[in-house]
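K.L.:
Chain residues, written in single-letter form:
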Amino acid sequence: MVGNKATATAVKLARVQVASAFPVTPQTTITEYLSDMVANGELDAEFVNVEGELSSQVVVQAASRVGARTFVCTSGPGQLYMHHPMHQTSDNRLPVVMATVHRGNKGMMPDHTDLMSQLWTGWMQFYVEHNQEALDTCLMAYKIAEDERVRLPLVFGYDGYVLSYTAEPVEIPDQDEVDDWLPPYKAMPSILPDEVLPENLGGGSGGGDPQERWKKHHEAIVNAKDVIIEVNESYGKTFGHSYGNGLIEEYRTEDAEAVLVAMGSLTGTARAAIDRLQDDGLNVGLVKLKCFLPFPKEDFQKIGKKVGAIGMIDRNVCLGHGGAAYTQIRNAIYDLEERPSVLEFYAGMGGKEVRVDDVYKVGEKTLKAAKSGGVSTSTEWV
Amino acid sequence: MQIPLEELTITPGSACQGCGAALAARLAFKAIGPNAIRHRVPCCPDSTTAHPSASSVFESGGAMLTGTWRGLKAIGRTDVQVVGFFGDGGTYDIGLQSLSAAAERNENIWVITKDNEAYMNTGNQRSGATPIFARTSTTPVGSVTKGKQMRKKQIAKIFAAHGIPYLATASVGYPEDLIAKINYGKTVKGFKMLIIQSPCPVGWRYDGSKTIEMARLGVQTGIWPLYEIIDGEKLKLNYKPRELKPVTEYLKPQARFRHLTDDNISLIQEETAKEWETLLKSDELGRVLL
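These protein sequences, in sequence, are chains A and B.
Mind the numbering: the first sequence is residues 22 to 403 in my numbering, read in order.
Mind the numbering: the second sequence is residues 901 to 1190 in my numbering, read in order.
Note that these hints are calculated values from the structure, not bench results.
Each hint can be trusted.
Here are the simulated distance ranges between beta carbons:
no.	chain 1	residue 1	chain 2	residue 2	range
1	A	Lys-237	B	Gln-917	34 to 42 Å
2	B	Lys-1136	A	Lys-127	52 to 60 Å
3	A	Asn-244	B	Thr-1022	34 to 42 Å
4	A	Asp-215	B	Pro-1146	48 to 56 Å
5	A	Asn-61	B	Thr-1022	46 to 54 Å
6	A	Leu-101	B	Lys-1089	30 to 38 Å
7	B	Ser-1109	A	Glu-240	45 to 53 Å
Note that CB positions come from ideal geometry on N, CA and C, so glycine has one too.
Isolated chain A, as found in the complex (with noise of 0.2 Å):
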């Protein structure tokens, strides 16, 4: 099942009730896919086909407010093309979930500047490996965001073509057992004229002090990586897959000298490639960064104190500043009496190949900075 295939059986599997999108490739195929289950019958659900992907974040954010639970999904210019109402969305805590099929800004081939730009709008953002972990992720995303706990958006991200259009074996849980596992949502507070509180009559700007709902909405999005932790070990109770603990997962990790953090597809060429550093004696780890907002600080700490250098791979970066999460980790070491040496490198931006032996490279290197001590800036687009 290609990525964009099992995007839409995820859909159909959560008994999405209003979805909305706008073409644009790579992720065009999940709204072909959409449209055929809702005139097939086999989704009950409201497809609207939007002139643009503004407009399209605005439905799903005004269904979701009058209690449909909602999916959109988009691509590279579309996402940034809707990011404005992205920020209303977050901050009137409505739980819509979205798809990102990643396309870069300078061409249509795969990187994660799409959904990096929206790293202030205030969603959770995930990065998937793999198409199975897309439809699995899918289903997730609507149990923590629609936890009473969290009530924000949510969304997950794969790469465009890579997984997009390449068929892969995934497995697809049975509709009952995602019926009891996912109740049906519900809108709180209600905006419905026979429910609505008296205090909300009228409408407003959202009020109270601004500060404070900034703050709100922060401790929010911090706190839900508890809720994240439980619904990935929840799913993985019920249908038998789960992700490391929701936030991260390690791979080979154990007594390794050094790390490499991977996201998305490139995480499956690095996994090869840790095999390929350990089989030759080379004691390298990986670390799969899935969960990207909320940051897994904690897990970085811990990661942190136990190995010497940690080599990032990003597959985006922030012009004059560097990778996201490049920065991000080392903002959570910071904290730590010993710090770890982090390596930067930039690698598959634009689509451009990243082949294992690559990443042994980068792992080589790693390594080097991890026996010679001390903290490294050095930066390398490979």
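Given chain A, work out where chain B should sit, using these hints.
P.N.:
Showing chain B alone in chain A's frame:
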């Protein structure tokens, strides 16, 4: 006709004295009734009626109403009316794209536009709805140009061309006509639009006690004709005096037109008369002529 007695307006609201737009909301929502969600985008005044309400980004009125309607459909609450109360900016300009798409999909929603002919929320900057030669803060009266150099956008015709089931113009100076149009629209399923000319004493610069007078003169001079268009095709003129008053009666009391030359006034008079003739002809034939 009985105008509903129940008041749904918020008092005190955020409107100025003599605000035509606040009156437009008061009248329109008396007819809509309480079982509605009133959505808004930035506009002036921003606080109008005591309905459940939410706002979204300025450019998204049509999408917000669409999502609300589809969501209500999905949860089985089609009894609730979905109404947007937007200004001319949210309709003619920044909001046009998403409204056009919602009209094309024929969403079952109401779009009520209170047209005060400039961006009054930010202090009277020109909009696509500002009439030719009017002075605004971004079309000032200078030594080179005096007032707006472009015509008002013909938004009713643009939406009529979408073939929507119901479209009408209204004026706060003719409350019975306005309410009758909402009452009729409530029986229609699909995209309904009411464009209400709403004089703004602050922006148009006339005495706040003269709002009704200004609105009536707009209609009586043919500057703001009252009509309705069904299915984008059948046109009915709702106010047909034997003779229109000269446009000067409408223009003179408003200081936004104070600088107009005789030539400017003649041009407005000529174009108003021409449009009126087209409307009379359309009314006679019962179909829209462009």
